[in-house]
Amino acid sequence: MFGKYSFRGGVHPSHNKDQTASRNIETFPAPERAIIPLSQHIGTPAKIAVKRGDTVKTGQVIGEAGGFVSAPVHASISGKVVSVGPFPHPLGRRVTSVEIENDGTNETVEFNPSDKPWREAAPQEIVQKISAAGIVGMGGASFPTHVKLSPPSNKPIDTVIINGAECEPYLTADHRFMLEKTEQILLGALIIKKVVGAAKLFIGIEENKPDAIEKITEQLNKEIFKEIIPAKLQTKYPQGGEKQLIAAITRRQVPSGGLPMDCGCIVQNVGTACAIWEAVSEGKPLYQRVVTVTGPAIRKPGNFLVRIGTPIKTLVEKCEIDYDAAQKVIMGGPMMGLAQSDLDAPIIKSSSGILAHSTLTAGTRDYDCISCGNCVKACPINLVPSFISKFVQKGLYEDAMAWNVLDCIECGSCAYACPAKINLVHYMKLGKFHAMAIRKSQEQK
Amino acid sequence: MSSEQKLLHISTSPHVKHIETVPSIMLCVCLALIPAFAASVYLFRLKALVLTAVCVISCLATEWSIVRFLLKKPSTLGDFSALLTGILLAFNLPPDLPPWMAAVGSVFAIGVAKWAFGGLGHNFVNPALAGRAFLTASYAAPMTVFNVPDFWKARGWTISGLSEKIIRPVSDTLDGISGATPLPTFSGITEALHAESARLVDLQFHIIDFQEALPRLFFGNVGGCIGETSAAALILGAIFLWYKHIIGIRVPVLYIGTVFLLTWLFNGTGSFFTSEALLVPVYQILAGGLMLGALFMATDMVTSPVTPKGKMIFGVGCGILTFTIRKFGGYPEGVSYSILLMNLTVPLIDRYTRPKIYGKVKKNA
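Chains as they are written, first to last, in the numbering used here: chain A, 1 to 445; chain U, 1 to 365.
Quick caveat, the hints were computed from the structure, so don't treat them as lab data.
It is possible that part of the hints are untrue.
As the list claims (entries may be wrong) - Below 27 angstroms or equal to it, Euclidean Cα-Cα: the simulated BS3-like pairs (lysine-lysine) are: (1) A:Lys421 x U:Lys356; (2) A:Lys445 x U:Lys360; (3) A:Lys429 x U:Lys244; (4) U:Lys244 x A:Lys4; (5) U:Lys360 x A:Lys390; (6) A:Lys155 x U:Lys73; (7) A:Lys432 x U:Lys360; (8) U:Lys360 x A:Lys155; (9) A:Lys200 x A:Lys4; (10) U:Lys309 x A:Lys394; (11) U:Lys309 x A:Lys432; (12) A:Lys421 x U:Lys73; (13) A:Lys440 x U:Lys360; (14) U:Lys309 x A:Lys377; (15) A:Lys390 x U:Lys73; (16) A:Lys390 x U:Lys309; (17) A:Lys421 x U:Lys72; (18) U:Lys72 x A:Lys390; (19) A:Lys226 x A:Lys215.
Since the structure is predicted, the reported quantities are computational estimates derived from the model, not experimental observations.
Could you build all of it, start to finish, from the sequences and the hints given here?
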């Protein structure tokens, strides 16, 4: 029943998922203090809707969407707003955030579910619900979901892909999600399909999660899930990258500079699908998510249902981080995650994992490029990272643009494969930054 | 145990890396040359051992001195690239070359071909081949004498692998390379057999000779440079490198394949499907330095293209040049010059073979 799908390029890092793959999702206690950034998504930050001294309930809106490409932000605990101001953010900058002190009551706002079953509701009503719940892509990119679900009329969507690849090493949050919330994910998937009016609905899972594949296949025997097509994916990084997943399953390519909707596809993470189901059926806003806490410097790894805004420090200390051993704390997976400088930064909607590494594996450059071509073989976009990085080092940003630096998805496969340990992703990011500036100045002319 | 005192490292992703490193690659290539080294010591005895030792030691010494005294940087011997250059250069030398010449070649390879351009990763030609080319230009006669060791001569070996009559190399008497005499038959074969082959016209060939010659060429009991004669040992090492993903299949297969195809098409026997016509290309790919060149020199990462299409062009280009030099050139052995010439085209090849990127498609709808 399962076909096997894959894409060109990619690498095979050690999975390192065993530490947490068999651990059930535990509910993490609500923190004493939550720091909720108003910007947890791509697009305009949310507009602050509370002020210092206000009392908020769990699930209450504390930031309203700042535009169409934006998403509201909700309180994840009940208590008093202690301050509103710049706080550390996992993306590295300081971002305006709301600090809430837990009053311990966990008083929750009354959820406002749809007044009719989702099958009878109009797509706009459902999108409205999703938008109000503040749902953004939970796989990492955190693009506001209601925007993805509202493609312009000239771009019909015929294929929906639910992304259960979870190709990042160490992370098992989506894996556990698929095992424990199978039905909700599939119902969420059906909602997405209905909203965009797609003909086909796939769910893609890497073959290193046979239990998840089995669990989902079982569900697919049910009459309501009959239309969902399972897709077994080769275990290869970055299989869960949007563009790679689309290429693997549909053989289509997202046009350079375009979005999945430009080739009639839409990709949603399993976590997002579940959040959509909860938003539509219960009216529950997105104020908690599943986070994998693991890594060699964590003594008690696990998968936790964590309130958004929980400081990383609270989370890793509960999991008994070995501060002496920890060299790096990373939000996300080891391939694309962000090294954290400040553990006061909170868990946000797109935090899929917290990793504490005990070895300093990256950040060094040992040799000059020996033109081995490993990066070329590894690049899932078919770029030549070695050349682009050389252009960027020499400040030849136009050349880097001519070699398509802007198409880089920053997956890290090139730098992973590099025997000289050159930090290729760093140069790619730098090149993209300058290329964007060049493109902007060209457009102004 | 407080996080306040703990300073965390930050860096760009990815935070994990593959275990393969530059030294591990170089060391693997050195390991892959062990069968060929064993074969060369077995075939050429002490001479092979001495030449290899001299080349390796002088390469390492040159590298160390340049880095230590000219650049004043930490030693680079640990990347094993100088070791590799030493081994490869030795493999490209005839057994009777005086060791001091081998040392001169090593100094040129490391000092000029490699470090004058910035060291590992910046050299645009293969240092070992550049060293060989330098020696051939400087000491033409000793570089083209491929004597069979006395030990094996007594057991009926010949330079060409053909039975009995050993023809002295042209260069031995002329102190230089004369233009190859166009040969009425088997012209394709004859040019492959180093300098002495020009005289093979005097011999009366029988197909039986070639059938005898092929296994010798395959296992290496023929005259030649110390590391190039045993195709079997070289192929064994190359399979290891291919298994370790260090060399790709494109360059060697296309290189050898092109030589095979062209020598088959221009086999000089006037037909294509006779056993002679088919033996000519088989002979050609086994004779001379083609196996060593195609498997270990043309696949040198630094001096070959990085793009998949570029690798194909590079392999075919090497093949065409080797065939051309062997067939029409004044030179008996075309492999090293073909690779050197193709090395020079690598930046150009890479520039014009940029891979088609994901998403360069017509926009739907």
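Going through the hints against the structure:
| no. | hint | result |
| --- | --- | --- |
| 1 | A:Lys421 x U:Lys356 | holds (26 angstroms) |
| 2 | A:Lys445 x U:Lys360 | holds (26 angstroms) |
| 3 | A:Lys429 x U:Lys244 | violated (30 angstroms) |
| 4 | U:Lys244 x A:Lys4 | holds (26 angstroms) |
| 5 | U:Lys360 x A:Lys390 | holds (23 angstroms) |
| 6 | A:Lys155 x U:Lys73 | violated (59 angstroms) |
| 7 | A:Lys432 x U:Lys360 | holds (18 angstroms) |
| 8 | U:Lys360 x A:Lys155 | holds (18 angstroms) |
| 9 | A:Lys200 x A:Lys4 | holds (17 angstroms) |
| 10 | U:Lys309 x A:Lys394 | holds (26 angstroms) |
| 11 | U:Lys309 x A:Lys432 | holds (26 angstroms) |
| 12 | A:Lys421 x U:Lys73 | holds (19 angstroms) |
| 13 | A:Lys440 x U:Lys360 | holds (21 angstroms) |
| 14 | U:Lys309 x A:Lys377 | holds (12 angstroms) |
| 15 | A:Lys390 x U:Lys73 | holds (22 angstroms) |
| 16 | A:Lys390 x U:Lys309 | holds (21 angstroms) |
| 17 | A:Lys421 x U:Lys72 | holds (23 angstroms) |
| 18 | U:Lys72 x A:Lys390 | holds (25 angstroms) |
| 19 | A:Lys226 x A:Lys215 | holds (14 angstroms) |
Violated hints for the displayed structure, listed by number in ascending order: 3 and 6.
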